[in-house]
Every structure is written in C-alpha cells, then in structure tokens.
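Protein sequence lines, in the order shown, are assigned to chains A and B. Quick note, the first sequence lines up with residues 9 to 433 if you use my numbering. Quick note, the second sequence lines up with residues 9 to 433 if you use my numbering.
It is worth saying that the hints were derived from the structure and are not from the lab. Predicted, not measured: the structure shown is a model, and the values here were computed from it. Even glycine gets a Cβ: it sits at the ideal position worked out from N, Cα and C. Take the hints with a grain of salt, since some may be wrong.
[As the list claims (entries may be wrong)] From chain A, some residues computed to sit far from chain B (all C-beta separations above 12 Å):
id: 1; residue: 38
id: 2; residue: 153
id: 3; residue: 325
id: 4; residue: 387
[Said to hold, decoys possible] So, partial list: chain A residues that the calculated Cβ filter (under 7 Å) puts toward chain B:
id: 5; residue: 300
id: 6; residue: 305
id: 7; residue: 306
id: 8; residue: 307
id: 9; residue: 308
id: 10; residue: 355
id: 11; residue: 376
[Stated by the list, open to error] Capping the alpha-carbon separation at 25 Å, the derived lysine to aspartate or glutamate pairs in DMTMM-like fashion look like this:
id: 12; chain 1: B; residue 1: 258; chain 2: B; residue 2: 382
id: 13; chain 1: B; residue 1: 258; chain 2: A; residue 2: 75
id: 14; chain 1: A; residue 1: 60; chain 2: B; residue 2: 61
id: 15; chain 1: B; residue 1: 258; chain 2: A; residue 2: 372
id: 16; chain 1: A; residue 1: 258; chain 2: B; residue 2: 398
id: 17; chain 1: A; residue 1: 60; chain 2: B; residue 2: 187
id: 18; chain 1: B; residue 1: 258; chain 2: A; residue 2: 421
id: 19; chain 1: B; residue 1: 258; chain 2: A; residue 2: 239
id: 20; chain 1: A; residue 1: 258; chain 2: B; residue 2: 421
id: 21; chain 1: A; residue 1: 370; chain 2: B; residue 2: 45
2 protein chains.
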Amino acid sequence: MPGFGAADEAEMGTRGCGPLIPPLSESMRPLRQQVFERVRASGLIPRVQVAKDLGVSPASVTTITSELIEAGLIEEVSAPRDPELGRGRPAVALGVRAQAHMVAGMKMSDREHSAVIVDFAGNLLANEVVPRRPGPMPLAEMLDAMALLLDRVCDNAGIARAALSGVGVGLPGFVDQAEGVVLWSSTLTERAVPLAEAAQARLGLPVSIDNDANLVALAELWFGAGRSLADFAVVTFEHGVGMGFVMNHKIYRGSQRLGMELGHTKVQLDGALCRCGQRGCLEAYVADYALAREATTALNWGHREGQSISVLLESLYEHAQSGDATARSIFRRAGRYLAVGLANVVNLFDPALIILSGERLKFDYLYAAETLAEMDNLVINTGRPRPPIEIHAWGDLLWAHGAAALALSAVTERILMAPREMAAQ
Amino acid sequence: MPGFGAADEAEMGTRGCGPLIPPLSESMRPLRQQVFERVRASGLIPRVQVAKDLGVSPASVTTITSELIEAGLIEEVSAPRDPELGRGRPAVALGVRAQAHMVAGMKMSDREHSAVIVDFAGNLLANEVVPRRPGPMPLAEMLDAMALLLDRVCDNAGIARAALSGVGVGLPGFVDQAEGVVLWSSTLTERAVPLAEAAQARLGLPVSIDNDANLVALAELWFGAGRSLADFAVVTFEHGVGMGFVMNHKIYRGSQRLGMELGHTKVQLDGALCRCGQRGCLEAYVADYALAREATTALNWGHREGQSISVLLESLYEHAQSGDATARSIFRRAGRYLAVGLANVVNLFDPALIILSGERLKFDYLYAAETLAEMDNLVINTGRPRPPIEIHAWGDLLWAHGAAALALSAVTERILMAPREMAAQ
C-alpha cells in the first residue's frame, strides 16, 4: 500500500498482542472461547455457574479456567458471601482481568470523529472528539484523521500507542468486516477501499473495521443488553437508519457481511429518492435528510448555504410541538414508515428485544404512542405480545465504545483461537 | 387432552426410538452432533475429511465415530479408490446407516394432505396424497385426517405404524415449533392449538410440527442445497408466501419461533388487504388469492361458486401469454412486488443463495427477466454481484419430505443429545 506507513509509524509486529495461551486440545478450543465469553458477559461468575450455564462438567471448566488465569485473561475475585450460607470457604468468582489489554475504538462519522480507550473489561480510560467538515474525504486524508485522533486519545489516557493491543474503527456504509474492505461509505470518496490493511500499516497496530450500526449492537452485546440476552436487534437512527442483529451472543452479518441494511429495505415501490440513488428506501422517509427535505418546504426556508441540518430539524420539532399542522404531519408520516420498518423486523427476525438507538430519538415522534400503535397493527397477529422496545438515546461515544468492543473481540479471538503453530511461538 | 387417544391407538413409549448411545463426556456432546451432521450432510466422507472440516483432531473423530457406529447410526462403506494413488489399504468412508430409522413426514395444506415415509438416509420408501375440501377444520377432524393419512402411507410402505421412530408435520400459518403449538393456521378453526401433543397422543408416536415454509428449507438443508452450503434462504410461493432461513447449517426461527413471515412484511403503507386482516402485506400482492382477486375483474368472470382458483389462474396466465394487456399488467405488478420482497431479503439477510420454491413458479412472470432486473435496482449497490437465485418448482411431496427431515432431526437430536440419565436407561 504505497503512500502509507510514514517513517514515524511503527512496523506491525506481535507487540501488544499479549500473552498467548499454551496449546490446548483442538477439540476443546470452541469450549475455551465459550467459557471466556460466559465470564466476560457475566461480569463476575462462580465456576460452578459457568459449568451449569454451558452444560459441561465442572472438571472441564476448572481445566479451562486455569489456563485462562495462567494466560492473564481472567482472574479470581473474592465474591461477597451469602450470609445465609454460614461458615465455610470464602466464595470465589471469576472475572475478566481488566489490565490484561487496552484497545482503542474510533467512529469516523460524517460530522465528527470520536474515540475511546478502554481496558479489557471495557472500562473507559479516555475519550476524544474531533469535529470535521462534512462530506466524503480521500483515503489518505482519512488515514491522517485516524492517526491524529488516535494520538490525541492516547495523550488523554497518558499512554503510548504501542501500549494498545488493537484498534476498532466504525464508519457508515457498506463494510465487509471480515475482509476489512469499505465497499462504499458516505465518508470516503473512493469505493472498495481496503481500509483495515491501510490503517494497520499507518497506525502500526492490528485494526478491525465494521459498519457503525453493527458497532452499536456490539456495544450492547458486550456492555449492555447482551449481558442478559442471547438474541436482540438494534435499530439506529442518525444521518441514516442502520441495524445490527445479535443471534446466539454473536453479531449476524450475512454471507458477505453486507446484511442488515434496514435503511435500504424498500417500503414503497417507486417511492421517495434515497441518497443511495434508489427509490422507496425506509431511510428516504425517516432519516435526517428526509425530514430536512420536507422541513425546508414546511418552514418555507428555501436553500440556505451552510445551514446545519440539526438547526433545521430542531426548528421543525419546535413547530410541531407548538401545534403546527404541517410540521406535525412530517413527523407523523415518518413515524408511520418507522412503524413499517420495525414491524418488518419483528415479522422477519422475531427478536426477543428491539433497542432503538441514536441521538435523533429525542424527537419523540419516533416512539410516540401513535407509532407504536401503528406498529401493533403491522406485526403479525399471533395472539402473543410483540417484542418489547427499549430506547437507548446514547451519543457518539457509545458508537466508539462499540468500536472498542470490536477491537476487544479481535484481540480475544486472536488469543483464544490461536492455532498450535502460533501458540507455540 | 380429553377426547384423543382412542383405544386402537398405541400408548406413547420408548419404542421406535432406536438404540441409545452410551454416555459420552458432556463437553464432547456438541462435537458428537457436529460429527454426525457432517457425515449426514456429506453422503459419504472419509474420517480424515471430517476432522479437517471440523478443525478437530483425527483421534477425537475416531472416538466419536466408533460410538456412532456402535449405536448403529452410521456405518463404514468401502469407497471407490482413486486409481492414481496406487496400492494400499482400500479407502473407507462413513455414511448414515439408512436402515437405522424410518420416519413419516406429512403436509396438511389447504387443498390436500400428503405424506412420505423415508429411511434414516432420507430415501423415499412410500408416499400418499389425500385430497380434501378447502377451508379450516376443527382439531378433532384434523387428527382424524392425520391418522388416516399415516395409516395409508404405512400401508403403501408395507409397514406398521410402530415401525416408525417419529412423525413430522407441516402446516401453513404461525407455528411455534419448539412448543408444538399452532397459534394460527388457515387449516384449523381454533387458535393456539397444542397440535404436537394432541397428535402424539392420537398417533402413539413422537410428533414434531413446524411452519410449512421451514419444512421446504429443511428439505433443502438435508437433501438439497444444504449439502454444500451453510447459509441460504428459501422463499416459497403457493397459497401464500413463506420463507425459511438456514444459517450455519441450522434453521433460524426467531426467539419465539415466529420469524421469517416474509409474506406478511409490509411493502405498502395502507396497501392491499391481506387474508391475515392487515394491509400492505407482500402476500396481498403476489399470492394466489391476490392474483385471483384481480383476475375476476380482468377476465370479467364475476364470482363463480366452487370455482377452482387454479383454473382461474391458468386462464389468466393463458390470456397473458396470448398478449392480453390487462392480464399481463396483473402479472407484471405481482412480479414488481416480488422483486421488492426478494430485494428486502437480500438487503437484510445477505444470503449466499435464494431458492424460490413452489408450484406457482411455473408462472414464469415470477422469475421473468424484468422481475430480476427490477430486483437488481432494489438491492443495495455494493459493487458486488447480488446472490444467485435458483428455481426449485417442486410439488407437495417436497414439503412432505421436509416434514420427514423435521422428524429425522428430532430423532437424531433425541439420541445424540440424550442426557446421561436417559442414555443410561
């Protein structure tokens, strides 16, 4: 990748990958990952509970947890004892060893770049936000922005880049996570960009990339709803509409990692024009730009150069709240199409929970009683209640936290699934 | 369940469940199922290939396959040797032992009841089709029909009911496979019917039930595309529109087993009336009854008592083929909505393959060049080709075959995942 890898950037190496676990019988490898996942998801959990949850023998769990402790990935913690149980040995629980690794998570969005550094248990150590001018940028500029952002957030944490075990990066658009390729993003001028490889060369650290909606799902999986649920859907509203789907404690991405494009499912034949160039996409009815398109008509604003879309939408919202019928009809229609989109998610995926996430959720039309009632009329009538809907209106740092979770999964997978040859190095 | 279990029906028992595998270390149980699945899906496969495919040691595979052979589930078969490899021991492959079990599969549809009996390798031993009058029937009548159908197909196979290890039943509607409950079906007058339990009591055999579209996906998984693919979608066209989704060699059903209702996803807000009572369902634009609704107008047929919908649609198709513009516009519109439905499947699931299945596919508008071109305009533009689409226009026996696959999975799961207590009996 010519042009990247300036002299001051470190070469890629095994540095920062942490201790490797000695080789274990290959047939036990998937179980080893399950045990680690169980401990990670639980926060603190006794060995006997791990065995019970996974349906395996306590002896197998003891063998595997000993190895994980020896490798420094998990640790024993004295748990508060149940006073009812009286005397005896103090109870011991297992937890992830927070100081085992540090990773960075970054979200490169249309309007700002944000980053966090977290430890192996997901605790926030530092964060940073860098505003940017809107619009797509060439790859070289994107790499500069990533390097700047990473250095700033490392400064905030008081650490050197080399102390990190990996970096996770999220951006909007069509991203093949497994191949590390951005097929299209509103933030990049080029198409089919091998961003993970380029960023890895530039930053001198292992880099994983993903679609930003998947990152919100990952953040929920690692630090939120996923602690108690195996299957749920996350629907994100922001400059576009995204979706992430957690199935059996894992993100489902599709055969080419290009699924879950809820914002581009068609809800109207020959419908409204979407910024993707197609017609009738859900996004073209409920995203920022769709509302803004109608708001300029409703508020008679015309085209204002450099006008912030946020200011426009805030004004539209105020008009709706003060009773303006046209402004209300804009939100009402968007809410109805949102109901169609959410009902289709229920009818196809039958999730245990839908989490709505994104800053736009402060516009409460999105989850107004009418929208939910409309949704009830569009969900198949099985005689059972529809899945619950939760609103998590978190900001950009959540997305960056999800990017950190992506880096944490890459780090743990690299260690736990290491083939014999690698582990023997 | 009073009223069921007539004197001539056998009591439920362990009979027909086949030999049980001796207890194996619990941590190995999932691997045991994986090994069996690999052998089953492959047809014939050498041990070393099983080890390679699953990424486990040949020693583990040898231990597990010995147990499976001892239990009579799989067997060694002399494989034709590659003449290039010269002398040496004759090559040995593993295959499912066809005579280990027999099961029945039945499809209870709106217009006929069909059944097959297959052996453990899925080979067809007998079949039977019983026409019925259309419309929903009470549970008691449905159970009578199932008992009659089962006896007839057993007669055709020259076996007694007791020779079967289980029965799989498919029917249209909202079916919770895990709980064995039909929440709603166009074939039953009651709602929330515990059909599996009732049929089990009546037939004296283990009974599994499922939505009929899932059965087509199961048939493909066991006997068709699933032999080479881990992930694919099946979309069925018949009296309604259904979908089954195979993910990592398993049917994905949703958290309450009520997902994949593609026919009831909404493609138009306030759209055409569906027989489910809601508006804008995909089914209301492309299913039999949707075409028939417009055909009566186009052909000026009015309402004809007892008129077969098939005759009506055949006539509509002939008119379209001979150039009738109105008849053509009916198929053209249905084709466009079908394109929307299929594009939404691609945009959400990103499947490796979509299989279109069902007798209606002989109306080639469903996969006419225009429909596929329309679909290309509605699938997200990633720069990669969209997933391939295959047409499998098989009849009702395929669905019954899928029901048999459901029974086969239930039988193997019962045996392979048997807990210690059960295996020790």
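Problem - Hints violated by the structure (numbers, ascending) - result: Hints 1, 4, 5, 6, 7, 8, 9, 11, 12, 13, 14, 15, 16, 21 not satisfied by this model.
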